[in-house]
Amino acid sequence: DAGVIQSPRHEVTEMGQEVTLRCKPISGHDYLFWYRQTMMRGLELLIYFNNNVPIDDSGMPEDRFSAKMPNASFSTLKIQPSEPRDSAVYFCASSLSLGTDTQYFGPGTRLTVL
Amino acid sequence: AQTVTQSQPEMSVQEAETVTLSCTYDTSESDYYLFWYKQPPSRQMILVIRQEAYKQQNATENRFSVNFQKAAKSFSLKISDSQLGDAAMYFCAQNSGGYQKVTFGTGTKLQVIP
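Respectively, the protein sequence lines represent chains A and B. Everything in the first sequence is counted per our numbering, starting at 1 for the first residue and increasing by one. Everything in the second sequence is counted per our numbering, starting at 1 for the first residue and increasing by one.
With the rest of the complex left out, here is chain A:
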């Protein structure tokens, strides 16, 4: 299996622009997670999906952030409008259906907002 795939690997944009991050989970995994990693706050869970349905979005920082999962093999995290404080590494992870199963992480997207 190819593992979790994320694109782009690096994104540089200007404040106010819309940013869309993409994720393809491992085939057969029922859960998909979006994380943000910064030096100040460490690794934070933003939102997770079960069978394409958002279950918990309490970690989404504000309304500028939105996430979708239109099908089992694709998810997006959108920031509109972007701000410099959104600069971080964003990870997507997926896991099988069991509640305590291992999460497999993608390589991350490094976002820089100027």
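Heads up, some of the hints might be wrong.
[To be verified] With a cut-off of at most 30 Å between alpha-carbon atoms, the simulated BS3-like pairs for lysine-lysine come out as follows:
#1 B:101 <-> B:73
#2 B:78 <-> B:101
#3 B:70 <-> B:101
#4 A:24 <-> A:78
#5 A:68 <-> A:78
#6 A:24 <-> B:101
#7 B:55 <-> B:78
#8 B:101 <-> A:78
#9 A:68 <-> B:101
Hints in this document: simulated from the structure, not taken from any laboratory. The structure displayed is predicted, hence computed values, not measured ones.
Mind docking chain B on chain A? Use the hints.
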């Protein structure tokens, strides 16, 4: 609420020597899993080892082993015969049965000295 604490921001070890990374956690759940993830400079999160709380036996994966002390809520990682490729950030993580949210520690940066 779940908490995971890694009290060692940085550690160093001589190549071929043994090092132990500490982790403590707090949860009210009786069924949970514990993980150690490695994040090398490539930023990808890689699962190193996992432990089921109901198992008495400490998990081992080649040169990596854990010391799981359930009563003390302690979960340390021992790396034997350290190699240069072991240099990375190491994150301790926990999630609870039937509840997919994973809580990560703040990480320990391991340096391996040739």
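Do the hints match the structure? See the list:
no.	hint	result
1	B:101 <-> B:73	18 Å, holds
2	B:78 <-> B:101	25 Å, holds
3	B:70 <-> B:101	20 Å, holds
4	A:24 <-> A:78	15 Å, holds
5	A:68 <-> A:78	8 Å, holds
6	A:24 <-> B:101	20 Å, holds
7	B:55 <-> B:78	18 Å, holds
8	B:101 <-> A:78	21 Å, holds
9	A:68 <-> B:101	18 Å, holds
This entry satisfies every hint, going by the numbered hints stated previously.
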